[in-house]
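The hints should help you fit chain B onto chain A, whose structure is shown.
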Amino acid sequence: MNDRQRDTTLLDVQGLRIEALTPSGAAAVLVENASFTLKRGEVLGLIGESGAGKSTIGLASMNYTRAGCAITAGRILFDGRDILNLSEREGRALRGARIAYIAQSAAASFNPALTIGRQVCEVAIRHKILGKAEAKQRAVDLFRTLELPDPETFGNRYPHQASGGQLQRAMAAMAMITEPDLLVFDEPTTALDVTTQVEVLAAFRKLIRDRGTAALYITHDLAVVAQIADRIMVLRHGKTVETGDADDILQHPRETYTKQLVAERAAAMIGHFIADNHAGEAPVLSLKAVVASYSSLNRAVSDVSLELKRGETLAIVGESGSGKSTLARVVVGLLPRESGDIDFKGERLPPALHERSRDTLRRIQMIYQIPDLALNPKQTLLEIIGRPIEFYLGKSKEEARERVLALLRQIELPESYLLRKPPALSGGQKQRVCIARALAAEPDIVICDEVVSALDPLVAEEILGLLRRLQETLGLAYLFITHDLSTVRRLANKVAVMRKGEVVAYGETSEIFSPPYHPYTKLLLSSVPEMRSDWLDEVLQMRSFRD
Amino acid sequence: MLNLVLKRAALGLITLWAASVLIFAGTQILPGDLAQAVLQNNATPENVAALREELGLDRPAVERYAEWLGNAVHGDLGTSLVNHRDVAQDLAPRLYNTFFLALYAAIIAIPLSVGLGVLAAAWQGSAFDSAANAVTLLAISLPEYFLGYLLIKWVAVQWGLFPVLASVTPETSFTERLYMTFLPMLTLVLVIMAHIMRMTRASVISVMSSPYIEMAVLKGLAKWRVVVEHALPNALAPIINVVALNLAYLIVGVVVIEVVFVYPGLGQSMVDAVSKRDVPVVQACGLIFAAVFISLNMIADILAIVSNPRLRHPR
Numbered sequence: 360m361n362d363r364q365r366d367t368t369l370l371d372v373q374g375l376r377i378e379a380l381t382p383s384g385a386a387a388v389l390v391e392n393a394s395f396t397l398k399r400g401e402v403l404g405l406i407g408e409s410g411a412g413k414s415t416i417g418l419a420s421m422n423y424t425r426a427g428c429a430i431t432a433g434r435i436l437f438d439g440r441d442i443l444n445l446s447e448r449e450g451r452a453l454r455g456a457r458i459a460y461i462a463q464s465a466a467a468s469f470n471p472a473l474t475i476g477r478q479v480c481e482v483a484i485r486h487k488i489l490g491k492a493e494a495k496q497r498a499v500d501l502f503r504t505l506e507l508p509d510p511e512t513f514g515n516r517y518p519h520q521a522s523g524g525q526l527q528r529a530m531a532a533m534a535m536i537t538e539p540d541l542l543v544f545d546e547p548t549t550a551l552d553v554t555t556q557v558e559v560l561a562a563f564r565k566l567i568r569d570r571g572t573a574a575l576y577i578t579h580d581l582a583v584v585a586q587i588a589d590r591i592m593v594l595r596h597g598k599t600v601e602t603g604d605a606d607d608i609l610q611h612p613r614e615t616y617t618k619q620l621v622a623e624r625a626a627a628m629i630g631h632f633i634a635d636n637h638a639g640e641a642p643v644l645s646l647k648a649v650v651a652s653y654s655s656l657n658r659a660v661s662d663v664s665l666e667l668k669r670g671e672t673l674a675i676v677g678e679s680g681s682g683k684s685t686l687a688r689v690v691v692g693l694l695p696r697e698s699g700d701i702d703f704k705g706e707r708l709p710p711a712l713h714e715r716s717r718d719t720l721r722r723i724q725m726i727y728q729i730p731d732l733a734l735n736p737k738q739t740l741l742e743i744i745g746r747p748i749e750f751y752l753g754k755s756k757e758e759a760r761e762r763v764l765a766l767l768r769q770i771e772l773p774e775s776y777l778l779r780k781p782p783a784l785s786g787g788q789k790q791r792v793c794i795a796r797a798l799a800a801e802p803d804i805v806i807c808d809e810v811v812s813a814l815d816p817l818v819a820e821e822i823l824g825l826l827r828r829l830q831e832t833l834g835l836a837y838l839f840i841t842h843d844l845s846t847v848r849r850l851a852n853k854v855a856v857m858r859k860g861e862v863v864a865y866g867e868t869s870e871i872f873s874p875p876y877h878p879y880t881k882l883l884l885s886s887v888p889e890m891r892s893d894w895l896d897e898v899l900q901m902r903s904f905r906d
Numbered sequence: 019m020l021n022l023v024l025k026r027a028a029l030g031l032i033t034l035w036a037a038s039v040l041i042f043a044g045t046q047i048l049p050g051d052l053a054q055a056v057l058q059n060n061a062t063p064e065n066v067a068a069l070r071e072e073l074g075l076d077r078p079a080v081e082r083y084a085e086w087l088g089n090a091v092h093g094d095l096g097t098s099l100v101n102h103r104d105v106a107q108d109l110a111p112r113l114y115n116t117f118f119l120a121l122y123a124a125i126i127a128i129p130l131s132v133g134l135g136v137l138a139a140a141w142q143g144s145a146f147d148s149a150a151n152a153v154t155l156l157a158i159s160l161p162e163y164f165l166g167y168l169l170i171k172w173v174a175v176q177w178g179l180f181p182v183l184a185s186v187t188p189e190t191s192f193t194e195r196l197y198m199t200f201l202p203m204l205t206l207v208l209v210i211m212a213h214i215m216r217m218t219r220a221s222v223i224s225v226m227s228s229p230y231i232e233m234a235v236l237k238g239l240a241k242w243r244v245v246v247e248h249a250l251p252n253a254l255a256p257i258i259n260v261v262a263l264n265l266a267y268l269i270v271g272v273v274v275i276e277v278v279f280v281y282p283g284l285g286q287s288m289v290d291a292v293s294k295r296d297v298p299v300v301q302a303c304g305l306i307f308a309a310v311f312i313s314l315n316m317i318a319d320i321l322a323i324v325s326n327p328r329l330r331h332p333r
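For the record, the sequence lines run as chains A and B.
Here the first sequence is numbered in this note's numbering, starting from 360 and rising by one per residue.
Here the second sequence is numbered in this note's numbering, starting from 19 and rising by one per residue.
Rather than coming from a laboratory, the hints here were simulated on the basis of the structure.
Just so you know, not all the hints are guaranteed correct.
To be verified - Taking lysine-lysine and the DSS-like style, the derived pairs with C-alpha atoms no more than 30 angstroms apart in a straight line are:
id: 1; chain 1: A; residue 1: Lys780; chain 2: A; residue 2: Lys598
id: 2; chain 1: A; residue 1: Lys487; chain 2: B; residue 2: Lys241
id: 3; chain 1: A; residue 1: Lys495; chain 2: B; residue 2: Lys241
id: 4; chain 1: A; residue 1: Lys491; chain 2: A; residue 2: Lys565
id: 5; chain 1: A; residue 1: Lys780; chain 2: A; residue 2: Lys565
id: 6; chain 1: A; residue 1: Lys859; chain 2: A; residue 2: Lys881
id: 7; chain 1: A; residue 1: Lys398; chain 2: A; residue 2: Lys487
id: 8; chain 1: A; residue 1: Lys647; chain 2: A; residue 2: Lys398
id: 9; chain 1: A; residue 1: Lys491; chain 2: B; residue 2: Lys241
What the hints assert, rightly or not - Some chain B residues well away from chain A (every beta-carbon gap over 12 angstroms; in silico):
id: 10; residue: Ala27
id: 11; residue: Ala28
id: 12; residue: Val153
id: 13; residue: Ile170
id: 14; residue: Ala234
id: 15; residue: Asn259
id: 16; residue: Val273
id: 17; residue: Ile312
Glycine is no exception: its CB is placed at the ideal position from the N, C-alpha and C atoms.
Isolated chain A (complex conformation) (with noise of 0.2 angstroms):
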């Protein structure tokens, strides 16, 4: 590709607004007056948290928008075609062959049914681009260019005979195929564990710059972007927000929003760490070596020794797979321990759930990942927080009703909102109803199983401080299992870094994140992506050293 060519424009995008129909028969706009270019060879950053109509744009892109939806307004050129204008014949012939798409979780995005080779030579050899034997030679050299294992016969396997990180590199092979002009990347390693996405940035860079291809890379994380984006693009509420070089953008946010959203993710990575100050006191819960396993094969949790205070929050962290939820769930008794000991304020837990008084099910609560899933839709947050009163308290609906206020009150929520139900709340409203529900009981430890990773940066910021609030005035300890090290710094006393089942660092937080590190730790510790935009390089330079 020549210079020349380099500087045409590929998409022309003006004026663009998207509705969604409600059930109810209104519009709801998802999209609002959208501009923007895209030059040949150039990746423009989409950021936004989640309603920002960051991935409705994206797919407007490919001429595409999501049952209900609407182009209602604005136009899409690409290559000086007004694609919203072709028939559904001319724009299936653009979609997978001109312009290809990368999704989220590839795990989903994959076919179960089919092998991963036939789905990514099925987009090349439909749009009657490539023979079969050819397809088959270019899916190979891509896996190859992608370092996936046994290039040759990674495309016989089934999807769930491949890896999170595999998967999402083979669904970069199959958006390649075909050699697209444009590739719309949706939150393409948002489900992946950080150490995985290093690795996968860095094979979705070189294809673009190798092969000249323009991106529209749609993200949530600013430090993602910062090594990807030529130029970035911030949403909110379906409107832009600002559109700068990437660069500028970071370091010299203009709009409010844009500066809370650095901000927010350079807090995350500074910041001091919050100290030990429970020296000598007597631990609320104490793990002695406790093994536990699913099934007689592997492991699932080995050996593991932990202590937590009154007061204290120990994070549990570990990339997926590692052991951290496992652990959560021998310790409350869902997953009986093998062996090992789990004493609480002294006395020891019995290994099964049954076993277990109705008071000491209340002494240990949970508060999960999804609310949606935690949430019984059809019930009152007035049922939902006043159960456990009534459960475990013994109280009267009276009395449970004025708890349920206080509580409400407690987590910052309006008292109007007693007889609401889970659909008519926000994710971090929803967030906070389990935290009150878990707060219900009384209980002295509560355990935080990734509470706020489905959550957007700035509501899980809120969360988080809601939960140290809690924590001082009500002397809780948090056992806080998460897979982002930004949280742990600010949160936690203590850390356990889990691997493979086992703790490999255990201590105060201060001590396992400064030097010297455990191997693994400096790895994880590593792999979280910065806001500079030469981290990446610097990353895989270090790392291509070290090997």
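Structure of chain B alone, referenced to chain A:
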């Protein structure tokens, strides 16, 4: 996966054994004395005693059950009490007729209803979808004998296209059979189509909302490819199950249709035998029906296991 299949097969055998116990017990607790019922007017006390001894009715039930099951496993289903002929030989042509009609109906109904179900799912909410739903629902709402009589009235009597009676004999040629059994086949097709079509439609629709279907659309594939190649393989398990249930119905549940069209199938034999208290025939029919029902369900479960790539290709 082999492990799972073997387990399922073993479970099928156990179920069949349990069914044999129930069938045998059921024929034992029929009210009245069997010997008396068979002898009717000749039931003098001496005759009754002699017959009881001949039939072995004076021996304990467990012993008789063991003997009966042992013989049945070797293909010996006993002798009829009414015409004193070998039950297995007597029932063979009847069984053939039953399978013939079931297969005839299945070969037409299954592809048709799965096809219609897929189309209805692809054009969800369209006029075609509503029409297909309405027609099949109407067919399933009518009692099967009524449906049979309606077809006889119009197709056979008024238009004279097909014969009213399907009284085939072992000498009837294959093509003649197809012609004679057309109306009972059509009735059965109408009865089972609604189940299969609606299940196919619901199953495909639930798969159509998966992210991998959106991905297939975004790859620019034609709509029929998205539905047939990407959605259908993932919607198979419930479809296989409903097909198996309906196949089982075609074999064990069609006695009403046999009566309406005077078709000499196994169901009629069983009803006749019950009224004549011909216990060996009743037991044989019961056992055959149970075996068919259990095998079909077992095959469906095994197919569902085999059609799951996670089980077929473990990590």
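Verification of the supplied hints:
1. Lys780/A x Lys598/A: Given that 30 angstroms is the threshold and the Cα spacing comes to 29 angstroms, the pair holds.
2. Lys487/A x Lys241/B: The hint holds at about 17 angstroms.
3. Lys495/A x Lys241/B: Satisfied, since the Cα-Cα distance of roughly 24 angstroms is no more than 30 angstroms.
4. Lys491/A x Lys565/A: 26 angstroms, holds
5. Lys780/A x Lys565/A: 47 angstroms, violated
6. Lys859/A x Lys881/A: OK: Lys859/A and Lys881/A at ~16 angstroms, within 30 angstroms.
7. Lys398/A x Lys487/A: 27 angstroms, holds
8. Lys647/A x Lys398/A: 60 angstroms, violated
9. Lys491/A x Lys241/B: 21 angstroms, holds
10. Ala27: It holds; Ala27/B is separated from chain A by about 24 angstroms at its closest Cβ, greater than 12 angstroms.
11. Ala28: Nearest chain A Cβ is 22 angstroms from Ala28/B, so the label holds.
12. Val153: It holds; Val153/B is separated from chain A by about 27 angstroms at its closest Cβ, greater than 12 angstroms.
13. Ile170: 44 angstroms, holds
14. Ala234: With a cut-off of 12 angstroms, Ala234/B comes too close to chain A, as the shortest Cβ separation is near 7 angstroms.
15. Asn259: 17 angstroms, holds
16. Val273: Since the minimum Cβ distance to chain A is about 39 angstroms, Val273/B lies beyond 12 angstroms and the statement holds.
17. Ile312: 28 angstroms, holds
When the structure is compared with the earlier hints, violations turn up for hints 5, 8 and 14 and for no others.
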